[in-house]
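What follows is each chain in one-letter form.
Protein chains: 2
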Amino acid sequence: MSKQKLEYLEKKGWKVGSTQEFLGLSEEESSYIELKLKLSSNIRQLRTQKNLTQEQLAKLLKSSQSRVAKLEAGDPSVSIDLIIRSLLAMGTSNQDIARTILS
Amino acid sequence: MSKQKLEYLEKKGWKVGSTQEFLGLSEEESSYIELKLKLSSNIRQLRTQKNLTQEQLAKLLKSSQSRVAKLEAGDPSVSIDLIIRSLLAMGTSNQDIARTILS
DNA sequence: CGAATATATGTCACATTTGACATATCGTCA
DNA sequence: TGACGATATGTCAAATGTGACATATATTCG
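Each protein sequence line maps, in turn, to chains A and B. Residue numbers for the first sequence, in this note's numbering: 898 to 1000. Residue numbers for the second sequence, in this note's numbering: 898 to 1000.
None of these hints come from the bench; they were simulated from the model. Any given hint could turn out to be false.
Because identical chains cannot be distinguished in the list, a pair is counted as satisfied if it fits within a single copy or across any two copies.
Straight-line Cα separation of at most 20 Å, DMTMM-like style, residue types lysine to aspartate or glutamate; simulated pairs [as the list claims (entries may be wrong)]:
| no. | residue 1 | residue 2 |
| --- | --- | --- |
| 1 | LYS935 | GLU924 |
| 2 | LYS959 | ASP972 |
| 3 | LYS956 | GLU926 |
| 4 | LYS935 | ASP978 |
| 5 | LYS947 | ASP993 |
| 6 | LYS956 | GLU925 |
Between the sequences and the hints, there should be enough to build the whole structure, so can you do that?
Structure (structure tokens):
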């Protein structure tokens, strides 16, 4: 089972806890994915709250609509770095980020 | 003033608050650097707590001593991704990571 | 002091991430 | 239904991150 496949499954709503053993994920890997998904879904939440389209947000981030879509999906091709930079660009504080991770 | 220079200064103990205006940092940039430095110094803290050398930690992370040194220094060439993966590999939980960000 | 061990710094080939583009799919409204 | 705006997916060249190595500098201890 590839990492991409597994991140795909996660994205589709599988609970980490329930798939972890099945997929043979290490504690470390599942924590990493969990973190990424929490942060990326926070991006979508903020964007919709602000009534922005992905296109508009992309402009703000000096990126592209397609990358924003991947950002929000927690796509394997996006780094936590980019997710965090994007959150900060949207006015999120470090405290807010910590809260998201705790959520 | 380059980003590298500024991250260098930060590392050497400059307070973000005091240099921000001087260096012309945006809120976003300084938050990002602050986050990175908090997390990376946490790596050193954990490593020394466990009485590991950088060499030993490098082996655990399947990396090299020099990269561990850069990790701990918050070097501009290391990503938050790598820092977080390293923390997780050392047994840190997402909760612990959130706490570090809040600290 | 000098040897040994640990950490820092510089460099580079290779790997991964990125913005951009094309195109497909979805959702809504007439 | 079909047209339109929004979002998703696939691809790729360029940008950035990575492990590894060499080597410099600290630190510890006799």
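Could you work out which of the previously given hints the structure breaks and list their numbers from low to high? none
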